[in-house]
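Engineer: From first to last, the protein sequence lines are chains A and B.
The UniProt record's numbering puts the first residue of the first sequence at 1, with every later residue one more than the last.
The UniProt record's numbering puts the first residue of the second sequence at 1, with every later residue one more than the last.
Any given hint could be a false lead.
Covered stretches of chain B (in silico footprint by chain A; criterion: 3 or more residues with CB under 8 angstroms from a CB of chain A, positions within the stretch not fixed) [claimed, not checked]:
no. : segment
1   : 363-375
2   : 606-616
3   : 673-680
If you are wondering where the hints come from, they were derived from the structure by calculation, not from laboratory data.
Where is the CB? At the ideal position from N, CA and C, for every residue including glycine.
Number of protein chains: 2
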Amino acid sequence: MQWVKVLGVVVGAAALLAVGIILGHYAISKGADSTASSISASQDLDLEILETVMGQLDASRIRENLRELSREPHLSSTPRDEALVQLLLQRWQDEESGLDLAKTFEYEVLLSLPSEEQPNSVTVVGPTGDILFSCRQSEENLTGEQAGPDVVPPYAAYAPPGTPQGLLVYANQGSEDDFEELQTQGISLEGTIALTRYGGVGRGDKAVNAAKHGVAGVLVYTDPGDINDGQSLPNQTFPYSWGLPPSGVERGSYFQYFGDPLTPYLPANPSSFRLDPANATGFPPIPTQPIGFEDAKVLLCNLQGNSAPATWQGALGCEYRLGPGFRSDGDFPADSQVNVSVYNRLELRNASNVVGIIRGAVEPDRYVFYGNHRDSWVHGAVDPSSGTAVLLEVTRALGTLLKKGTWRPRRSVIFGSWGAEEFGLIGSTEFTEELFSKLQERTVAYINVDISVFGMGRAWADWGRRDMKGLELEESRSLILPQPTSPSGGRGRPRSRALSSPQPNSSLSIYDNWIRYYNRSSPVYGVIPSMGTLAAGSDYAPFIHFLGISSMDLAYTYDRSKTSARIYPTYHTAFDTFGYVENFVDPGFSSHQAVARMVGNVLLRLSDSLFLPLNITDYSETLHSFLQAAQEDFGDLLQQNGISLEPLVTAVDKFQGAAADLDEQISELQKGTPDPLQVRMINDQLMLLERSFLNPQAFPEERYYSHVLWAPLTSSITTFPGLAIAYSTAMNTDAGSAAWAEVQRQLSIVVAAVEAAAATLRPVADL
Amino acid sequence: MQWVKVLGVVVGAAALLAVGIILGHYAISKGADSTASSISASQDLDLEILETVMGQLDASRIRENLRELSREPHLSSTPRDEALVQLLLQRWQDEESGLDLAKTFEYEVLLSLPSEEQPNSVTVVGPTGDILFSCRQSEENLTGEQAGPDVVPPYAAYAPPGTPQGLLVYANQGSEDDFEELQTQGISLEGTIALTRYGGVGRGDKAVNAAKHGVAGVLVYTDPGDINDGQSLPNQTFPYSWGLPPSGVERGSYFQYFGDPLTPYLPANPSSFRLDPANATGFPPIPTQPIGFEDAKVLLCNLQGNSAPATWQGALGCEYRLGPGFRSDGDFPADSQVNVSVYNRLELRNASNVVGIIRGAVEPDRYVFYGNHRDSWVHGAVDPSSGTAVLLEVTRALGTLLKKGTWRPRRSVIFGSWGAEEFGLIGSTEFTEELFSKLQERTVAYINVDISVFGMGRAWADWGRRDMKGLELEESRSLILPQPTSPSGGRGRPRSRALSSPQPNSSLSIYDNWIRYYNRSSPVYGVIPSMGTLAAGSDYAPFIHFLGISSMDLAYTYDRSKTSARIYPTYHTAFDTFGYVENFVDPGFSSHQAVARMVGNVLLRLSDSLFLPLNITDYSETLHSFLQAAQEDFGDLLQQNGISLEPLVTAVDKFQGAAADLDEQISELQKGTPDPLQVRMINDQLMLLERSFLNPQAFPEERYYSHVLWAPLTSSITTFPGLAIAYSTAMNTDAGSAAWAEVQRQLSIVVAAVEAAAATLRPVADL
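Chain A extracted, bound-state conformation (with noise of 0.2 angstroms):
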């Protein structure tokens, strides 16, 4: 998993979801035949192959999938990588419980390392160019796991080689504003080092945000306050709690866009044009490098200058100050300067990605998808191998249903094993490019699971919008909220804050558990779980952004009013290992249990129900809160500039009407046997939806980004993206400028959107 563009309100969410799933949404016959060889065209959904299914899914297997495929570090491309590629292979292709087909598709991609001849390095440097203290080159040793050669030393990934050297000023999480209150303070930027710690922007932002500013190098660490509660001791820490260890140094891609970096748009093929990499955009400008909150320590707290505002303190045990330069009391000489050594080195590897399929029965033409990355940063335990290790559980059991002959879905399941994820997305985005036209002809919905358990306690994810209660019934035998076990060994017993308080109550069943921590109230249904939205951090960002194909995250989550932890403390660290995952995040693996019940339960809703479970009323009710959250914010300096967010109620009401319309005419013909060939068109309808919210001229500066409601644009209102930021731009400008234009532009786009959308859902014979 990695994170772009993800900003501070929903840093830590697995994202979710564009198009309602709903489960339980339409009547279910229940027991009918369902073999293979009978299936018929107007078979729904077989509850009782969902049970058995249910059933099947084993916590212990998940547990043995997760050792093996963390056992090793397994770095995108390297050996290791390739190895769980056959891995892949071999479980989809096997006789008693793999896929109908598995097979690779390859790419070459452009990856970044560091040197293995030169290490990257930090050092303070005396006045007379002496070596006076240098950051640590890897992470400690601590559990015997976090050495070796396939063990990548902490690094930025697509940062610029460079060997900058300055003053050391502290720029809090590097974002405009930050470097701008540097400014306002009187402090010279130019030539100096700037040390950040993680959070607020997008890594790569930092050090564009810095170089604006003249800095020379960006320095990144996390805060133990932004992580650990606070905690930073060796004892409170990894392996004695699920804390982040001192030395632990968060790796990760700090590149701004996602995708190979050279093929943008076009899958990258050895044949393929590529650009110059001298041309290619999106890459820091400036040299970056992360450390470890034990070396931020050394060189924050011997910082000189303004003591830097409240809200930059953290949890060093120091009074964090701005700088520039050290303190003439402190470790160093008041003039040593800070150097960054970066040697990263651009290398076109190759990327696989593993893709198997269960061919459809009865519409072998239209795909529900369901994928996670299998490259690391190191071993990977929780990212992404918890979510691969429950995507081979899930595989198991339906592959031995289908070898046994019992069960076929009537529309094809295809899964994905993406490569380079954490470079970029990359080896998802490049399959997207390649088969674009397909999938977005046929795709019905992209689920992903990533980390699949970030911490023990709460489900975070969304199932449903509609029926809920319907649901809650129907789904309480199979999706029991898991119970906390005992840790089964490690070496230490939970002690820290965040890891003891998760205690979920164990008579709710997972609905319950998470409507109680993440709800919203509509007017429709009530009260009912409530999701984020779709961000960019992780593969579904090139099937909902680029394709437009109705995609979910799925997730547990730990308790977030128990810690303040920003992600899970050891991610993208080489502390995140099986023993990490054992001790502290899922004892008993019930919670990754869960998870797998979840995506099985919604993977075979999707692909064998008869009317694809796409709830459309709840897209009415998000345009809806959309259009006030912009008539409230927005409403009246608009106005005051001859902008009228009339024609974009007509079109909210539209879609609204023409929504409530097709889910009455679904609801007559579940009274009947529908005609096939007439559920198909519904379908369609409710497939294709999606894709009507592109539109390729809305952002033309971003890259893939094209949909007008779920586009990652940073905003503070949760509203249409483009006409937020247009709004937020044009705001201080006077009436008739070209910001104002723009936000014409963008409304025009939104309603031509919503029209589209709405005219997509009318009856079909009637434009």
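With chain A fixed as given, assemble chain B onto it according to the hints.
Structural biologist: Frame of chain A; chain B shown alone:
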């Protein structure tokens, strides 16, 4: 009909087709029960219904339609245009012979109109400022129809207002080469007025090229050598023949793109964002005015300077010289100048489309479109009313069967009467922008019949590529060639060679006639009728280029071996009247009737055939011929620059294999009674194949053009257009240039598109 970027070789062609329409491709059950009430999902085309329709298409009704449609001038958005909207609505809502539904789609679009108060003028101004000569401001009133307030005076739509004055030069067709030739001859173009003749490059291109050389104003005329086979005397031309009278002036749009100029990619609804006209692009940069050859002769035959090159000479009866300025022994003092005063105004006007629907009985969400524009420049008897007269007769025949309850198509048939086409395909383009996603997902094909009959003699279109012998036999009865009949009145007898020469062999079918004049050799089918490729000359352009919908354009045209006329002579003049058609274009209206039968035939086969008659083997041949051209013409130099065509060879082979396999699968299915869902899945593959050739990244400079096979970009080689353009730019640059990189990029785009197309044709569950 308007010509946008229509170039030399295809001028005069009605443009043609993208995916081969196969008539008679598949075995068709004859006489099956096809009453609307009992239509089944397995019902195939009913040949008896087809024959009934063929038999009811009536020449005299077409004649009456044309008389009414062309009775008065009906320039876009004028009261008469709106009256015709009502006529269409009334016909399509008729209780005896109407459609299921008819309604208007209205847009507020930017038109360019001459000032009513200040007529445009072209004058010769003597050294003292006296006006020595004035060009006509309107055409001569030869038939009583060329005067009156509704006859818009000749002008160049979208040419900017201005009153440049300067020495006259003759610039041939106004191509880039032409102006370079003038420079080479040492002629200073700064501040001159350039006299150009129609042809060679698009209308607007002449001013674009001229302005680059400092020219201040442009005149455009039609040389009698290009339109009248040299004849230029009043008694050699209309109303004494089909020739262009000396005062006749071709009006036209000089806009470089198509669609409403202020709302690219957005429907031009009243509330839509509009560009500031000052920021709109695609208008001629300098004042431009068209004149008749009578006036052009006065200007051109008085020029001084070098004799123009031989290919620049025309039929005005004097030696064409280059200027600048007039010769001292001519009609004007040597330093006389030419003044071009243009007072065109931009106005937002309503443009109405009338859309009529026959709802499909089995697959109402599959659309077969048949359209033509309604607006004309003046009476527009040929352009476009000859097409609209056919459209009304086809809808009458089908509507009558519909209302009687004897027929309803399998798929929905949608008829479009588009507005504001003459200004740049505006009505149809806005319609496709409004319903973009819906039309792209559901439209099977778009059929265009603009000018239905250019002249007597030849079928010019395509309706088949495969199994032609079967077609020939089947169609010989209903699609016989029209018999030439005597002109039924009029002011004179045909005299021009062009008119009297076409003497089609009356024993031939349309098919035979067509294959005789336009044929090609197919490795699979032998000698078959040939087609050109669709450019952007009529309303099919947004359908094929923007939406990627298989499109065709049908017409009857004149014998090009007998006349060199670049188009029918009264094109876009006030002489394109009912009498012109009746006397000189299609006496007896048998050619109109033949077109009606052709289009009715194609329409029914598209709407009613169980398997869509879209020929993918033909597409293979096109790809092979494009590939072969690229290999032969570009291969050596590509290789020298390290660019290999091998990936393209592989992709084309894959396409061919997948197409053959799918054809085989269809043939097998036809032997039994295929499952309706299976038929639907295969038809979706056939329908959506065309979409896989779209790539919005392919030609970022071009508005709407995104089809990597059919984008009408200028090239002398019939191959992948993006590749050809890039190659022609690169061929004179060094290895490693940006131009060669663009060649590689274009090649990768083509490879990706052909690979994607092959993927679309492969078995649906194998990816």
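Engineer: Take the hints in turn and mark each one as holding or not.
Structural biologist: Going through the hints against the structure:
Counting residues of the segment 363-375 of chain B whose CB lies closer than 8 angstroms to any CB of chain A gives 3, so the stated coverage by that chain holds, three being the minimum. Three residues within the 8 angstroms Cβ limit are the bar, and the segment 606-616 of chain B against chain A gives 0, so the coverage statement is violated. With 4 residues carrying a beta carbon less than 8 angstroms from a beta carbon of chain A, the segment 673-680 of chain B meets the three-residue requirement, and the given coverage holds.
Hint compliance for this structure: hint 2 is the single one not met.
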